[in-house]
Structure formats: C-alpha cells, structure tokens
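Chemist: With the sequences and hints as input, model every part of the structure.
For the record, the sequence lines run as chains A and B.
For the first sequence, this note's numbering assigns the number 1 to the initial residue and increments by one for each residue that follows.
For the second sequence, this note's numbering assigns the number 1 to the initial residue and increments by one for each residue that follows.
Since the hints were derived computationally from the structure, they do not count as laboratory data.
Wrong hints could be hidden among the right ones.
To be verified - The calculated lysine to any residue pairs, modelled on SDA-like cross-linking and capped at a C-alpha distance of 20 angstroms, are:
hint: 1; chain 1: A; residue 1: 120; chain 2: B; residue 2: 88
hint: 2; chain 1: B; residue 1: 44; chain 2: A; residue 2: 1
hint: 3; chain 1: A; residue 1: 147; chain 2: B; residue 2: 107
hint: 4; chain 1: B; residue 1: 2; chain 2: A; residue 2: 60
hint: 5; chain 1: A; residue 1: 44; chain 2: A; residue 2: 21
hint: 6; chain 1: A; residue 1: 120; chain 2: B; residue 2: 140
hint: 7; chain 1: B; residue 1: 2; chain 2: A; residue 2: 123
hint: 8; chain 1: A; residue 1: 2; chain 2: B; residue 2: 124
hint: 9; chain 1: B; residue 1: 120; chain 2: A; residue 2: 4
hint: 10; chain 1: B; residue 1: 120; chain 2: A; residue 2: 131
On a predicted model such as this, the values are computed, not experimentally measured, just so you know.
Number of protein chains: 2
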Amino acid sequence: MKLSQGVEWGLHCTALVAQAPDGIAVSRRLLSEHYGLPEAYLAKHLQALVRAGVLTATPGPRGGFRLARPDEQITALEILEAIEGTAPAFLCQEIRQRGTGAVPPEDCTRPCGVSVVMAKADEAWRGSLASVTVADLVALVPSHTRKRNRARLTGEPTGDR
Amino acid sequence: MKLSQGVEWGLHCTALVAQAPDGIAVSRRLLSEHYGLPEAYLAKHLQALVRAGVLTATPGPRGGFRLARPDEQITALEILEAIEGTAPAFLCQEIRQRGTGAVPPEDCTRPCGVSVVMAKADEAWRGSLASVTVADLVALVPSHTRKRNRARLTGEPTGDR
Numbered sequence: 001m002k003l004s005q006g007v008e009w010g011l012h013c014t015a016l017v018a019q020a021p022d023g024i025a026v027s028r029r030l031l032s033e034h035y036g037l038p039e040a041y042l043a044k045h046l047q048a049l050v051r052a053g054v055l056t057a058t059p060g061p062r063g064g065f066r067l068a069r070p071d072e073q074i075t076a077l078e079i080l081e082a083i084e085g086t087a088p089a090f091l092c093q094e095i096r097q098r099g100t101g102a103v104p105p106e107d108c109t110r111p112c113g114v115s116v117v118m119a120k121a122d123e124a125w126r127g128s129l130a131s132v133t134v135a136d137l138v139a140l141v142p143s144h145t146r147k148r149n150r151a152r153l154t155g156e157p158t159g160d161r
Numbered sequence: 001m002k003l004s005q006g007v008e009w010g011l012h013c014t015a016l017v018a019q020a021p022d023g024i025a026v027s028r029r030l031l032s033e034h035y036g037l038p039e040a041y042l043a044k045h046l047q048a049l050v051r052a053g054v055l056t057a058t059p060g061p062r063g064g065f066r067l068a069r070p071d072e073q074i075t076a077l078e079i080l081e082a083i084e085g086t087a088p089a090f091l092c093q094e095i096r097q098r099g100t101g102a103v104p105p106e107d108c109t110r111p112c113g114v115s116v117v118m119a120k121a122d123e124a125w126r127g128s129l130a131s132v133t134v135a136d137l138v139a140l141v142p143s144h145t146r147k148r149n150r151a152r153l154t155g156e157p158t159g160d161r
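Modeler: Dropping the structure here:
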C-alpha cells in the first residue's frame with residue numbers, strides 16, 4: 001500500500017502558499033523550483049487542490065496560488081483527499097458471499113465484520129489527518145526556515161549565496 | 001492507495017480457522033473452496049501468515065492450518081502486516097531538502113512536519129487494527145453462520161441442500 005508522491009507535494013506546497021504575506025500569489029514555477037519538482041506534473045496536483053477548494057488560482061503574470069480559506073480552516077485530510085481521492089484503501093470484495101461457504105444474501109443485510117473493522121481503521125486514519133490544519137503544518141516549519149520562505153515569496157534577498 | 005485483496009482473504013481465513021474445534025486443522029483446499037479463492041494464490045498468503053506467527057501449518061493428508069496462538073492474542077494488525085508488510089503508506093521523499101528552497105542538512109535533524117503528521121495518521125490506523133483480535137472478528141460473524149462453519153470444518157452435515 002503506497003500513497004502517491006503528490007500527497008507530500010500537496011502538503012508542502014499548500015503550507016508554503018500559506019506562508020505568503022496577504023495579497024501575494026505564489027506561482028507554479030516558484031513552487032516547482034522551491035521543492036525541485038517537475039512543473040507539469042505538479043500542475044496536475046495544484047489543479048486538484050483548486051478543484052477541492054484548498055487553493056484559488058489567479059491567472060496572469062502576477063498570478064498564482066493563494067489559500068482558498070484561512071489556514072486554520074483547511075485540514076491535511078482535505079489536501080490528501082484532493083490528491084488521492086476519498087476511496088478507502090480496503091475494498092471489500094464480499095468473499096463471505098462466494099464459494100461453498102457462501103452466506104445467503106438474506107444473512108448479509110449487515111456489513112461483514114471484516115469490512116467494519118477495516119472501515120473503522122480508515123476512519124481513525126482520516127480522523128487523524130482531519131485534526132491537523134494547514135496552520136499546524138506551518139507551525140511545524142522551523143522559524144528561521146519560515147523567515148527565509150517569506151523572503152523568497154516576497155522576492156526579498158534571503159541572505160543565501 | 002489500495003490494499004491488496006490478500007488482506008480480506010487473510011482476515012477471513014484466519015477467522016475461519018479460529019472457528020475450528022480444538023485439534024482440527026483446516027486444509028488449504030477447504031479455505032479456498034469456502035471463499036471461492038484461487039488455491040495457489042491463497043497458498044502464498046497462508047504461508048505469509050505462518051511466517052508471521054499467526055497460523056501453524058501441519059503437513060499430511062489430515063494436515064492443515066491452526067491458529068498459532070489463542071484467538072484473543074492475535075490482532076487484525078498482525079494479519080494485515082503479514083500480508084502487506086509494515087512499511088508506512090506515506091514515503092517521505094524529503095522534498096524540503098530539494099530545489100531552490102532546500103533546507104540545509106543541519107536544519108533537518110528533526111523529521112519534517114509533514115512526515116510527522118503522516119506518521120501519526122499511520123499510527124492511528126495501525127492502532128485501530130491492533131485493538132481488534134481474531135476473537136473479535138469471530139464474534140462479528142452471525143451465530144448461525146458460525147454454527148454452519150463449525151459443521152463444515154468438522155465434516156458434519158450442514159443442513160444445506
């Protein structure tokens with residue numbers, strides 16, 4: 001079981017957009033260069049984040065991406081689901097209704113215990129991600145990295161060579 | 001993100017083995033026929049469950065599979081990890097250290113916030129599965145299905161046509 005690389009990209013890029021001062025849109029190029037990501041492939045994920053209501057996109061030479069809502073109102077789960085979709089990792093094939101031991105349909109009005117257990121685990125996973133906001137992600141970035149990011153996002157000198 | 005079908009097979013087959021009366025080993029053929037599963041492919045997963053200490057295998061014409069430990073001591077997580085492995089679904093590629101925004105190595109002694117958040121979600125998922133035992137899975141099987149399974153496992157008539 002593997003999540004796509006896009007999840008890491010989406011979480012980092014959204015957290016970086018959240019570090020831009022008010023009124024500053026972050027270009028796709030800046031995002032791709034900042035993290036060394038392929039721009040065309042990143043574009044696909046950024047569009048998914050726009051469709052999911054995480055980011056807004058403004059066209060034009062000074063255009064780019066902004067958060068669609070305040071950072072404390074956007075969760076890590078929304079970003080993950082924008083990229084990976086909402087389908088649970090466990091897909092019940094109802095094997096209880098197959099083979100010589102097949103349980104008759106009239107005894108299958110309640111979901112199979114195995115799928116209930118897997119669904120609860122999926123809820124625990126999503127619940128954990130729903131409890132983390134973009135504001136929390138930004139707070140986990142060390143303060144000097146945040147300061148340097150802010151300078152980059154505004155086009156100020158960063159003090160780097 | 002998808003779990004393999006083997007997870008469903010492993011959970012159901014272990015729960016069925018747990019329903020066999022003491023001293024009765026459940027053959028691979030019975031398991032594959034009971035759930036309508038391809039025997040050769042199921043064999044691979046059953047071997048993984050033996051390696052993981054969930055099942056024991058006895059060779060010979062009356063051989064088959066038994067639980068390696070009491071059903072209340074085997075968790076759904078052990079079965080899942082026997083089939084899927086223990087690697088987390090999220091693989092951090094450390095993109096914070098790439099590109100023009102690369103954080104220098106000396107500032108990366110602590111794990112990246114994104115990977116911390118994803119690791120916590122993974123723990124919540126595995127924790128949920130670790131809280132469920134094979135005894136719980138058996139208890140979720142309706143009582144008349146359990147009775148019928150027991151008859152099949154002992155070779156008694158099941159009352160089915």
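Chemist: Which hint numbers doesn't this structure obey?
Modeler: Violated: hints 4 and 5.
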